[in-house]
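Chains A and B are the protein sequences, given in the same order. So the first sequence is residues 1 to 315, counted in the numbering used here. So the second sequence is residues 316 to 630, counted in the numbering used here.
Treat the hints with care, as some may be off.
Some, not all, of what chain A presents toward chain B, calculated at C-beta under 10 Å [to be verified]: (1) Leu150; (2) Phe152; (3) Gly154; (4) Leu174; (5) Leu243; (6) Ser246; (7) Arg285.
Covered stretches of chain B (in silico footprint by chain A; criterion: 3 or more residues with CB under 8 Å from a CB of chain A, positions within the stretch not fixed) [stated by the list, open to error]: (8) 478 to 484; (9) 488 to 496; (10) 563 to 575; (11) 582 to 596.
The following label-pair restraints were derived from C-beta to C-beta distances [what the hints assert, rightly or not]: (12) B:Gln323 / A:Ala33: 25 to 31 Å; (13) A:Asn91 / B:Asp598: 17 to 23 Å; (14) A:Arg262 / B:Thr517: 49 to 55 Å; (15) B:Pro611 / A:Ala46: 55 to 61 Å; (16) A:Gly154 / B:Gly332: 35 to 41 Å; (17) B:Asp341 / A:Thr144: 52 to 58 Å; (18) A:Glu293 / B:Asp341: 51 to 57 Å; (19) A:Asp175 / B:Asp598: 26 to 32 Å; (20) B:Ala544 / A:Arg96: 38 to 44 Å; (21) A:Glu284 / B:Pro408: 15 to 21 Å; (22) B:Leu493 / A:Thr144: 32 to 38 Å; (23) A:Glu284 / B:Gly332: 18 to 24 Å; (24) A:Gly154 / B:Ala361: 40 to 46 Å.
Derived by calculation from the structure, the hints in this document are not laboratory data. All of these numbers come straight from a predicted model, not from anything done at the bench. A virtual CB, placed ideally from N, CA and C, is assigned to each residue, including glycine.
Number of protein chains: 2
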Amino acid sequence: MTRPGEGQARLGADIGGTAIKCGRLDADGRVVAEQEVGTPAREGLAPLVDALLGALATLFAPGESWDTFRIGVGCAGLIDPRRGVVVSSPNLPGLRRAPLRDAIRERTGIAAALLNDANAFVLAEARLGAGRGMRSVIGLTLGTGVGGGLVFDGELWEGEQGFAGEPGHAPLSLDGPLCVCGRRGCLEALLSARAVSSRYATLAGVAEAGLTPAEISRRASTGDAHALAAWSETGRILGQAMLGLSHLLDPACFVIGGGQSRAASYFLPRAEEELRTQLLWSDERVPLVRAAELGPSAGWIGAALAGPGAGSDRA
Amino acid sequence: MTRPGEGQARLGADIGGTAIKCGRLDADGRVVAEQEVGTPAREGLAPLVDALLGALATLFAPGESWDTFRIGVGCAGLIDPRRGVVVSSPNLPGLRRAPLRDAIRERTGIAAALLNDANAFVLAEARLGAGRGMRSVIGLTLGTGVGGGLVFDGELWEGEQGFAGEPGHAPLSLDGPLCVCGRRGCLEALLSARAVSSRYATLAGVAEAGLTPAEISRRASTGDAHALAAWSETGRILGQAMLGLSHLLDPACFVIGGGQSRAASYFLPRAEEELRTQLLWSDERVPLVRAAELGPSAGWIGAALAGPGAGSDRA
Numbered sequence: 001m002t003r004p005g006e007g008q009a010r011l012g013a014d015i016g017g018t019a020i021k022c023g024r025l026d027a028d029g030r031v032v033a034e035q036e037v038g039t040p041a042r043e044g045l046a047p048l049v050d051a052l053l054g055a056l057a058t059l060f061a062p063g064e065s066w067d068t069f070r071i072g073v074g075c076a077g078l079i080d081p082r083r084g085v086v087v088s089s090p091n092l093p094g095l096r097r098a099p100l101r102d103a104i105r106e107r108t109g110i111a112a113a114l115l116n117d118a119n120a121f122v123l124a125e126a127r128l129g130a131g132r133g134m135r136s137v138i139g140l141t142l143g144t145g146v147g148g149g150l151v152f153d154g155e156l157w158e159g160e161q162g163f164a165g166e167p168g169h170a171p172l173s174l175d176g177p178l179c180v181c182g183r184r185g186c187l188e189a190l191l192s193a194r195a196v197s198s199r200y201a202t203l204a205g206v207a208e209a210g211l212t213p214a215e216i217s218r219r220a221s222t223g224d225a226h227a228l229a230a231w232s233e234t235g236r237i238l239g240q241a242m243l244g245l246s247h248l249l250d251p252a253c254f255v256i257g258g259g260q261s262r263a264a265s266y267f268l269p270r271a272e273e274e275l276r277t278q279l280l281w282s283d284e285r286v287p288l289v290r291a292a293e294l295g296p297s298a299g300w301i302g303a304a305l306a307g308p309g310a311g312s313d314r315a
Numbered sequence: 316m317t318r319p320g321e322g323q324a325r326l327g328a329d330i331g332g333t334a335i336k337c338g339r340l341d342a343d344g345r346v347v348a349e350q351e352v353g354t355p356a357r358e359g360l361a362p363l364v365d366a367l368l369g370a371l372a373t374l375f376a377p378g379e380s381w382d383t384f385r386i387g388v389g390c391a392g393l394i395d396p397r398r399g400v401v402v403s404s405p406n407l408p409g410l411r412r413a414p415l416r417d418a419i420r421e422r423t424g425i426a427a428a429l430l431n432d433a434n435a436f437v438l439a440e441a442r443l444g445a446g447r448g449m450r451s452v453i454g455l456t457l458g459t460g461v462g463g464g465l466v467f468d469g470e471l472w473e474g475e476q477g478f479a480g481e482p483g484h485a486p487l488s489l490d491g492p493l494c495v496c497g498r499r500g501c502l503e504a505l506l507s508a509r510a511v512s513s514r515y516a517t518l519a520g521v522a523e524a525g526l527t528p529a530e531i532s533r534r535a536s537t538g539d540a541h542a543l544a545a546w547s548e549t550g551r552i553l554g555q556a557m558l559g560l561s562h563l564l565d566p567a568c569f570v571i572g573g574g575q576s577r578a579a580s581y582f583l584p585r586a587e588e589e590l591r592t593q594l595l596w597s598d599e600r601v602p603l604v605r606a607a608e609l610g611p612s613a614g615w616i617g618a619a620l621a622g623p624g625a626g627s628d629r630a
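This is chain A alone, in the form it adopts within the complex (with noise of 0.2 Å):
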């Protein structure tokens, strides 16, 4: 499929809460170069922007100026790409209301696409990793916060003010554990890095400070039964997650990445049992299940990926 923009060459940036992590892509979305500063998170936008803006012209080859790329932006946050501005962004203070696109555009003269980095990481797995090929691909991150994105027809869906793409606060146990967000049973209480490691404490009866999934992957990989406890029960939350998504989307394929993804084998043939058996039309095709392929670079890519239109001409 021939999407605007392709054959020019493309830069795409993922700010996080500690870094940004930029790269360009050539026009047959090849990976030539990537480049990572930190944040300057709590500063405001004008910092922000410099620091962006510095590490995207690393990317230039000598004669390159801005109008030789088409430019996206991923962001973490509540990001609304029509308007171009991140609403708010809990790892982001500095940029509450931000006009984050304005801003880019009054230093380089390019529109800029703005999203939300999950909806980024989805957008490059459908495109170009794990879901490749695939009509409809719904992405889940599972790492400090639970995000997520959906590809339909090869395009995100965005909403209809463009905030889709946050099942981290999905419910999916009224009566579960609290949320950062204040509210009870979202995925993001379940499936989160600190929902793991809360479920492998309690498990094992001990506490949980230091706890971190990396070190339950360690101690799965020497037996202990409380780890591998801990992460089949993980699977088993995602799989109804997936079970639910399945049943009301029916999707070709499920990307799974965000730092939890790095134990999938310890979780993911658990979540995909859970879909295959429990799913209404287990006769017929049951929905692929993958860890993503593009690690860290996704959320980058993503937003090259989605150049100027991801939602702003779809407005």
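Following the hints, position chain B against chain A.
Just chain B, lined up with the frame of chain A:
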């Protein structure tokens, strides 16, 4: 927006467990005639097609024949709209893996659209009912069972295999009550007629037998505190379901139909409040929440609007 088949008269049918409702729309989408016959639910495909086509034929004017019309058929159960097959339908045991579209084509020469009845409901409400003019509508039918569907950019999202739109079997409460499907805490287990009756019976400390939602509404109208509380809790749960759907999909509008929607005044305000106060972007626009407008005709109207191509042409 102009769609293929606009300008042509349409026939629609809605096959339920007890009745086949059908009707005729003129070229402008106005209802010009309706008809209803009993469903031969257990006798197999041929008697059902006889009843269906017999009812539809009463809607012909002199000189008209099957090829005067576009025809759409909505059917309860798991429907494969791409292949035109009723995969399974609990209330239509005669139709397991029944090639309904082929059977209609053999008798009429027409390739009818086949779709799930709740999807048809949502399409009708999105185009001509409570969701008209909206870009994205999520419909939920709360009745004996719980169904629904999704309309994005004016078209049904049918999913990879055509099975999308079964929100009734998305889990909302992992430790919740058993659902008829065998899973726990499905939307249907929390919002069906049976769930409302059971909620009231528990609150009032009475036996559930004979307590219909209509009776609970009657008691609510007399000020029965348990009845009001049962409806309010139903609204809270519906609000949590809409909250998750909003965070995932950011729709413009929810349309609530089915038998329970006759009691909308007792539960919809609470559902709306739950959504409005807990939405992540409650400072921005909150999705509208509306009771369905087209009544029991919505199913056949939506089927008629689907026309050939709903699903079948998009595979």
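Each hint, compared with the structure:
1. Leu150: Since the shortest Cβ distance to chain B is 7 Å, the answer is holds.
2. Phe152: Holds: closest Cβ of chain B sits about 7 Å from phenylalanine 152 of chain A, inside 10 Å.
3. Gly154: violated (13 Å)
4. Leu174: holds (5 Å)
5. Leu243: holds (7 Å)
6. Ser246: With a minimum Cβ separation of about 8 Å from chain B (threshold 10 Å), the hint on serine 246 of chain A holds.
7. Arg285: holds (6 Å)
8. 478 to 484: holds (count 7)
9. 488 to 496: holds (count 5)
10. 563 to 575: holds (count 5)
11. 582 to 596: holds (count 3)
12. B:Gln323 / A:Ala33: 25 to 31 Å: violated (56 Å)
13. A:Asn91 / B:Asp598: 17 to 23 Å: holds (19 Å)
14. A:Arg262 / B:Thr517: 49 to 55 Å: Given a distance of about 45 Å, which is not inside 49 to 55 Å, the answer is violated.
15. B:Pro611 / A:Ala46: 55 to 61 Å: holds (60 Å)
16. A:Gly154 / B:Gly332: 35 to 41 Å: holds (39 Å)
17. B:Asp341 / A:Thr144: 52 to 58 Å: holds (57 Å)
18. A:Glu293 / B:Asp341: 51 to 57 Å: holds (53 Å)
19. A:Asp175 / B:Asp598: 26 to 32 Å: Because 28 Å falls inside the window, the suggested range holds.
20. B:Ala544 / A:Arg96: 38 to 44 Å: For alanine 544 of chain B and arginine 96 of chain A the Cβ distance comes to about 39 Å; the hint holds.
21. A:Glu284 / B:Pro408: 15 to 21 Å: 19 Å Cβ-Cβ, so the 15 to 21 Å window holds.
22. B:Leu493 / A:Thr144: 32 to 38 Å: holds (34 Å)
23. A:Glu284 / B:Gly332: 18 to 24 Å: Given about 23 Å between the Cβ atoms, the range holds.
24. A:Gly154 / B:Ala361: 40 to 46 Å: holds (42 Å)
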